[in-house]
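K.L.:
In my numbering, the protein residues as written are 383 to 545.
Note that these hints are calculated values from the structure, not bench results. Take these hints with a grain of salt, some might be off.
[What the hints assert, rightly or not] Keeping only pairs whose Cα atoms sit at most 27 Å apart, straight-line, the calculated DSS-like set for lysine-lysine is:
hint: 1; residue 1: Lys535; residue 2: Lys461
hint: 2; residue 1: Lys514; residue 2: Lys502
hint: 3; residue 1: Lys520; residue 2: Lys487
hint: 4; residue 1: Lys401; residue 2: Lys448
hint: 5; residue 1: Lys448; residue 2: Lys422
hint: 6; residue 1: Lys448; residue 2: Lys405
hint: 7; residue 1: Lys490; residue 2: Lys514
hint: 8; residue 1: Lys497; residue 2: Lys520
hint: 9; residue 1: Lys502; residue 2: Lys535
hint: 10; residue 1: Lys448; residue 2: Lys425
hint: 11; residue 1: Lys520; residue 2: Lys502
hint: 12; residue 1: Lys401; residue 2: Lys417
hint: 13; residue 1: Lys487; residue 2: Lys417
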Amino acid sequence: MELSKGRRGVTIGCNFDDKIFMKVILTQDVPNLGKAGEVKEVKKGYGFNYLLPEGLAELATPGALKSIQFLVARAEKEKQEAGAQIEAAASAVNGKTITLTMKAKDGKLFGSVTKNDIVKALGGNITEAMVKLEHPVKTIGDFDIPVTVGQVKSVVKLSVVSE
Numbered sequence: 383m384e385l386s387k388g389r390r391g392v393t394i395g396c397n398f399d400d401k402i403f404m405k406v407i408l409t410q411d412v413p414n415l416g417k418a419g420e421v422k423e424v425k426k427g428y429g430f431n432y433l434l435p436e437g438l439a440e441l442a443t444p445g446a447l448k449s450i451q452f453l454v455a456r457a458e459k460e461k462q463e464a465g466a467q468i469e470a471a472a473s474a475v476n477g478k479t480i481t482l483t484m485k486a487k488d489g490k491l492f493g494s495v496t497k498n499d500i501v502k503a504l505g506g507n508i509t510e511a512m513v514k515l516e517h518p519v520k521t522i523g524d525f526d527i528p529v530t531v532g533q534v535k536s537v538v539k540l541s542v543v544s545e
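Start from the sequences, fold in the hints, and give me the full structure.
P.N.:
Structure (structure tokens):
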């Protein structure tokens with residue numbers, strides 16, 4: 383008889399670790415487990431009953447491990463290309479001047495200039511989440527509007543004039 387100490391304490395004659403754990407490759411980010419492309423060791427029940435049927439992971443076979451290396455390299459390349467596109471979008475926006483004509487009386491607008499108005503004027507790949515406008519603009523004048531594209535911060539000059 384052989385004594386072995388595993389995760390379930392001392393057992394006689396066998397090692398339960400090999401029987402209850404399996405290796406999987408995550409195909410999507412899984413909370414509290416890992417990110418897509420990582421190889422993880424999970425309990426077989428969790429793997430076969432949840433991860434595999436839901437399409438969150440696949441078995442870590444030698445062929446799958448080779449293909450995942452290729453996919454990870456391709457994802458890294460796409461991430462670098464996306465970073466270059468973000469920098470290009472940020473440089474295109476930086477220092478740009480937008481002029482909006484609004485109805486006003488005595489220097490106060492009959493409405494307001496919102497993030498949506500600024501996004502429409504900028505066009506391109508800029509979203510409302512990228513425009514850091516603390517509160518809507520309600521007066522005529524010139525304003526500096528911060529815009530954050532990815533990690534790059536830039537400033538757009540907004541000029542609001544009366545009709």
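K.L.:
Confirm or reject each hint.
P.N.:
Going down the list of hints, with the structure as the test:
{"no.": "1", "hint": "Lys535 / Lys461", "verdict": "19 Å, holds"}
{"no.": "2", "hint": "Lys514 / Lys502", "verdict": "15 Å, holds"}
{"no.": "3", "hint": "Lys520 / Lys487", "verdict": "11 Å, holds"}
{"no.": "4", "hint": "Lys401 / Lys448", "verdict": "24 Å, holds"}
{"no.": "5", "hint": "Lys448 / Lys422", "verdict": "15 Å, holds"}
{"no.": "6", "hint": "Lys448 / Lys405", "verdict": "14 Å, holds"}
{"no.": "7", "hint": "Lys490 / Lys514", "verdict": "22 Å, holds"}
{"no.": "8", "hint": "Lys497 / Lys520", "verdict": "12 Å, holds"}
{"no.": "9", "hint": "Lys502 / Lys535", "verdict": "19 Å, holds"}
{"no.": "10", "hint": "Lys448 / Lys425", "verdict": "23 Å, holds"}
{"no.": "11", "hint": "Lys520 / Lys502", "verdict": "18 Å, holds"}
{"no.": "12", "hint": "Lys401 / Lys417", "verdict": "25 Å, holds"}
{"no.": "13", "hint": "Lys487 / Lys417", "verdict": "55 Å, violated"}
Comparing the model with each earlier hint shows a violation of hint 13 alone; every other hint is respected.
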